[in-house]
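Protein chains in written order, with this note's numbering: chain C, 1 to 315; chain F, 1 to 298; chain D, 1 to 345.
Hints are not guaranteed to be accurate.
[Stated by the list, open to error] No farther apart than 30 Å at their CA atoms in a straight line, the calculated lysine-lysine pairs in the BS3-like style are these:
1. Lys80/C <-> Lys278/C
2. Lys234/C <-> Lys311/C
3. Lys161/C <-> Lys234/C
4. Lys234/C <-> Lys163/D
5. Lys161/C <-> Lys278/C
6. Lys191/D <-> Lys226/C
7. Lys80/C <-> Lys163/D
8. Lys311/C <-> Lys163/D
9. Lys278/C <-> Lys131/C
10. Lys278/C <-> Lys226/C
11. Lys161/C <-> Lys65/F
12. Lys311/C <-> Lys230/C
13. Lys230/C <-> Lys191/D
14. Lys163/D <-> Lys230/C
[Said to hold, decoys possible] Across the chosen pairs, the derived CB separations fall in these ranges:
15. Pro97/D <-> Leu292/C: 54 to 62 Å
16. Trp72/F <-> Leu292/C: 43 to 51 Å
17. Trp128/C <-> Pro37/D: 24 to 32 Å
Since the hints were derived computationally from the structure, they do not count as laboratory data.
We put the CB at the ideal spot given by N, CA and C, even for glycine.
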Amino acid sequence: MTGLLVRRLASMVPLLFVVSIVVFLLVHIVPGDPARTLAGGEFATPERVQLVRHQLGLDQPIMAQYGHWLGNALHLDFGKSLTTNRSVLTELAERLPVTAGLVAGAVLFAVLVALPAGIAAAVRQRRWLDKVIIAGVSLGMSVPTFWLALILVSVFAVQLKLLPAIGFVHFTDSPVEWARHLLLPWISISVVMAASLTRQLRASLCDALEDDYIRTARSKGLAPAKVVGKHALKNAAMPAITVLGLQIGYLFGGAVIVEQIFSIPGVGSLLIQAVINKDVPVLQGGVIVLALLVLAINFAVDVVYGYVNPKVRVA
Amino acid sequence: MTAISLTRSHRVRAVRLRRIARQFCSHRLALVALIFLVGLALVAVLADVLAPFDPRHQDYDVLNKGPSVHHWLGTDSLGRDMLSRLIHGARVSLLSSVGAIALTLVIAVPLAIWSGYAGGLVDMVVMRITDALQVIPPLVLALAIVGVLGPSVRNIVIALSIIFAPSFIRLVRGEVLAVREATYIEASRSIGSSPFYIVRRRVLHNIASPLIVQTSVTLGFALLAEAGLSFIGLGVQPPNPSWGNMLSTSYASIFTAPAQIYIPGSAIALTVFAFNLVGDGLRDVLGVSSASISRHSL
Amino acid sequence: MTPGSDPSPATRLMDSRQPVILAVEHLSVAVDSPDGPLGLIDDVSFDIRQGETLGLVGESGSGKTVTSLAVIGLLPRNVRTVGGAVRVGDTDLVGMPERAMRRVRGRDIAMVFQEPLSSLNPAFTIGNQIAEMVRAHEPVSRRGARARAVEMLDLAGIPQPQKRFHDYPHTFSGGMRQRAMIAMALTCHPKLLIADEPTTALDVTIQAQILELLRSLQREFGTAMLFVTHDLGVVADICDRVCVMYAGQVVEQSNVETLFAQPCHPYTDGLLRSVPQGASSTSRLATIPGVVPPADQMPAGCRFAPRCDFAVAACSAAAPQLESSASGGLARCCRQHELHLRGAQ
Numbered sequence: 001m002t003g004l005l006v007r008r009l010a011s012m013v014p015l016l017f018v019v020s021i022v023v024f025l026l027v028h029i030v031p032g033d034p035a036r037t038l039a040g041g042e043f044a045t046p047e048r049v050q051l052v053r054h055q056l057g058l059d060q061p062i063m064a065q066y067g068h069w070l071g072n073a074l075h076l077d078f079g080k081s082l083t084t085n086r087s088v089l090t091e092l093a094e095r096l097p098v099t100a101g102l103v104a105g106a107v108l109f110a111v112l113v114a115l116p117a118g119i120a121a122a123v124r125q126r127r128w129l130d131k132v133i134i135a136g137v138s139l140g141m142s143v144p145t146f147w148l149a150l151i152l153v154s155v156f157a158v159q160l161k162l163l164p165a166i167g168f169v170h171f172t173d174s175p176v177e178w179a180r181h182l183l184l185p186w187i188s189i190s191v192v193m194a195a196s197l198t199r200q201l202r203a204s205l206c207d208a209l210e211d212d213y214i215r216t217a218r219s220k221g222l223a224p225a226k227v228v229g230k231h232a233l234k235n236a237a238m239p240a241i242t243v244l245g246l247q248i249g250y251l252f253g254g255a256v257i258v259e260q261i262f263s264i265p266g267v268g269s270l271l272i273q274a275v276i277n278k279d280v281p282v283l284q285g286g287v288i289v290l291a292l293l294v295l296a297i298n299f300a301v302d303v304v305y306g307y308v309n310p311k312v313r314v315a
Numbered sequence: 001m002t003a004i005s006l007t008r009s010h011r012v013r014a015v016r017l018r019r020i021a022r023q024f025c026s027h028r029l030a031l032v033a034l035i036f037l038v039g040l041a042l043v044a045v046l047a048d049v050l051a052p053f054d055p056r057h058q059d060y061d062v063l064n065k066g067p068s069v070h071h072w073l074g075t076d077s078l079g080r081d082m083l084s085r086l087i088h089g090a091r092v093s094l095l096s097s098v099g100a101i102a103l104t105l106v107i108a109v110p111l112a113i114w115s116g117y118a119g120g121l122v123d124m125v126v127m128r129i130t131d132a133l134q135v136i137p138p139l140v141l142a143l144a145i146v147g148v149l150g151p152s153v154r155n156i157v158i159a160l161s162i163i164f165a166p167s168f169i170r171l172v173r174g175e176v177l178a179v180r181e182a183t184y185i186e187a188s189r190s191i192g193s194s195p196f197y198i199v200r201r202r203v204l205h206n207i208a209s210p211l212i213v214q215t216s217v218t219l220g221f222a223l224l225a226e227a228g229l230s231f232i233g234l235g236v237q238p239p240n241p242s243w244g245n246m247l248s249t250s251y252a253s254i255f256t257a258p259a260q261i262y263i264p265g266s267a268i269a270l271t272v273f274a275f276n277l278v279g280d281g282l283r284d285v286l287g288v289s290s291a292s293i294s295r296h297s298l
Numbered sequence: 001m002t003p004g005s006d007p008s009p010a011t012r013l014m015d016s017r018q019p020v021i022l023a024v025e026h027l028s029v030a031v032d033s034p035d036g037p038l039g040l041i042d043d044v045s046f047d048i049r050q051g052e053t054l055g056l057v058g059e060s061g062s063g064k065t066v067t068s069l070a071v072i073g074l075l076p077r078n079v080r081t082v083g084g085a086v087r088v089g090d091t092d093l094v095g096m097p098e099r100a101m102r103r104v105r106g107r108d109i110a111m112v113f114q115e116p117l118s119s120l121n122p123a124f125t126i127g128n129q130i131a132e133m134v135r136a137h138e139p140v141s142r143r144g145a146r147a148r149a150v151e152m153l154d155l156a157g158i159p160q161p162q163k164r165f166h167d168y169p170h171t172f173s174g175g176m177r178q179r180a181m182i183a184m185a186l187t188c189h190p191k192l193l194i195a196d197e198p199t200t201a202l203d204v205t206i207q208a209q210i211l212e213l214l215r216s217l218q219r220e221f222g223t224a225m226l227f228v229t230h231d232l233g234v235v236a237d238i239c240d241r242v243c244v245m246y247a248g249q250v251v252e253q254s255n256v257e258t259l260f261a262q263p264c265h266p267y268t269d270g271l272l273r274s275v276p277q278g279a280s281s282t283s284r285l286a287t288i289p290g291v292v293p294p295a296d297q298m299p300a301g302c303r304f305a306p307r308c309d310f311a312v313a314a315c316s317a318a319a320p321q322l323e324s325s326a327s328g329g330l331a332r333c334c335r336q337h338e339l340h341l342r343g344a345q
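Please model the complete structure; the sequences and the hints are all you need to start from.
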């Protein structure tokens, strides 16, 4: 299995390479003169445009620019923010654990909801509980994450005053407050993933329960909880885990907007600020970091999948 | 193909279409959803006629008021009629999602066919770029693109078509690869038809069903994405209404008018729900397996 | 193919003095269909005594698998027992609540299935699946269960049982997998083992080994066996008595030697004649023309009449009952005493 994982890691390198090219080229797909746009468009004085151009190294040939940028990037130097003039790396390093905590919590929530829901729906197939869960899944996948966040704030923070509407407390300062401030964001982000995980789990459980080894398990006189919860579930978990890996990128999308709504100082809200301020280095650094995070999570998913599916290990 | 076999295949196709239509109609929920969407499209087209007020007109006497006889859905914090803004917002939201998907199809389908058929370096480059695009979280990528291009509806459409392109490219290219290996290509070639023409026809025939389903589902998420980007302020600029920026305005008044966020929010959720239901109905009717459709979410 | 190749014929003679382990009485099973319940098996009765092997023989569609599933209570969702009784000891399993049935399964009755690859869970080790069987029925520690599992693997003839305990099913060969399944089924020393075509999916050479394994384990534990198969060669090899089924009914029941020497039902006769005789390649393989009638199209009279060489008008008029046959068993044929069937000779 280690061989498989090493190969997985190795295949991510060229991918990161292409990602870096795409991110780098972002600036250059702008029609017209990127330096002028970034300097403020029609309001920019020629001196300012020239300054920006030189600052961003846009006066050099493009390959040289990329080489220069890539060289710096490999030393983890993403330049300085155009707005705060702080090192991009420092900003990202501060905010990465925040976003990681947000995303991890949301995934955990999604799994905690999807497991019982998916099992209940599959076991009570076609009865009213199953229909309710299927309807819930369809709704859950249609609700915009950010709207759900607004509703939760409106109900729990504004009206019931149970939870804070904005703000963030570091885990190291107070774990309880950390969780309290992240509770509503976690719920809003997790709903969509919970819905699609439930749908997938239900489908693959229904399939697994038709398999021959379930009949064998029953013939051994095992309790239904064991038959479903051990035998069927482990097999049904495989496609569900795959879905989790595939959809993690979309989870980040929700996370970014939620960070903005709740004023959580993560990579997402930094990115939004960078977009509004046209802070290119931060934008580039932020996108790369998030892509890295996605790759890291996909890798973790592969590891879990390898544990659950023994046939993969030999491959 | 002889004239007789041509007419027969046309007739067969017509019968098949009728059967599909009939099956779809028996899917009550999907049918209701489709009717809703058609109605919404009509509303969007006739926005100028249907909206009781100018969506940008501000009436300072009725700030943040609830539903009343004059304003069926109330007003927002600048005294603008919610219903009129909702109706005009429908136009923007539908146009951007449909536009984005249309652009995606126009770019992705020919690109995928070319890439799959040509193989070699072209294919490798296209696939590498597609992989990279799928690693970057989609909304983040859209954010970056719109951020660089500038906030506007046109740029949102461009950004969305780029983020949704990879899954369509994958779908079509997969079919091209499968068809390319088929033995009847050799047979057709021996008759003298151009193999590329055959591949193109076969591919389009085979992918029609999964492509339709994927389009329907992705439309829903294009809408969500546009709303999300507008919510942050990167889409339709105020005072022009879009469901996304309406949500943002309403949220600003969350203390004074807490129920206001439900109006644009429900509109978004219902429309996406409708797209999903239609997509599910189409999937059942066209017999497409869910494995061949990539699911998006935001 | 010579019947009676069992090395200890004495065991067979002792059969009638052994206690009855399983008594199936007038069992009928039906499937739910849009037009109402359709009969799958009708009025099936047989006994199995301790240490005895009863063969349940028939083509696909004969109802033999349904019968075996009905005995252990694992009928599919829309299939139900609609009449009769299945007695183990004094208890009737038909209509028993599921919780009580779970105590019977694995402990009193165990089952081995046809496809060892799909019948074993690919996500768990062989050892895990055997050990869980022990712990489900006996208060054993994890280590104790593991030791039992290794012991069973060893008894089943699997080399290096301690090592193979930790292996997954897909790393075993077909024959080894079936050995593991048999080991698993016999772990709790059940009184009855139901084997549903356990050798059909295996190579011929492996088949013989598995049959030998079943015989030796049967001797060791004194287990009775219900052996479901369509292969008469296997029947000759391992069965003491045979029940021939056709279209959901028992059409003949007899000792295995008598069945081969003196069949009393035309269907049995046809089956015997359609088995290849080995050496001769010049004579054509006899077949029974026609197909088994589907459940919703059962003929009114004798169900085999449409395909029977000896059918007369009376056969289609009234359904024949199971009566004592000339060979000492039972046969369901109104002409059985007139016919002199020669079987395979």
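Exercise. Is the straight-line distance between the alpha-carbon of Lys163/D and that of Lys230/C 30 Å or less?
Worked result: holds (23 Å)
For this session: Given the hint that Lys191/D pairs with Lys226/C, test it: the Cα-Cα distance must not exceed 30 Å.
Result: holds (24 Å)
Problem set entry | Verdict for Pro97/D, Leu292/C (Cβ pair) under range 54 to 62 Å | holds (57 Å)
Exercise. Quick one, are Lys80/C and Lys278/C close enough, alpha carbons at most 30 Å?
Worked result: Given that 30 Å is the threshold and the Cα spacing comes to 13 Å, the pair holds.
For this session: Would you mind confirming whether the straight-line C-alpha gap from Lys234/C to Lys311/C stays at or under 30 Å?
Result: Measuring from Cα to Cα gives roughly 13 Å; hence the hint holds.
For this session: Mind checking the alpha carbons of Lys278/C and Lys226/C for me, to see if they're no more than 30 Å apart?
Result: Roughly 56 Å separates the two Cα atoms, so the pair is violated.
Problem set entry | Range hint compliance [Cβ, Trp128/C to Pro37/D, 24 to 32 Å] | holds (26 Å)
Problem set entry | Range hint compliance [Cβ, Trp72/F to Leu292/C, 43 to 51 Å] | Cβ of Trp72/F to Cβ of Leu292/C: about 49 Å, so the range 43 to 51 Å holds.
Problem set entry | Hint consistency between Lys311/C and Lys230/C [alpha-carbon to alpha-carbon, up to 30 Å] | holds (18 Å)
For this session: Would you mind confirming whether the straight-line C-alpha gap from Lys161/C to Lys65/F stays at or under 30 Å?
Result: holds (24 Å)
Problem set entry | Given hint Lys163/D paired with Lys234/C - CA-CA distance at most 30 Å | holds (23 Å)
Exercise. Straight-line Cα separation of Lys311/C and Lys163/D no greater than 30 Å?
Worked result: holds (18 Å)
Against the hints set out earlier in the document, violations occur for numbers 3, 5, 7, 9, 10.
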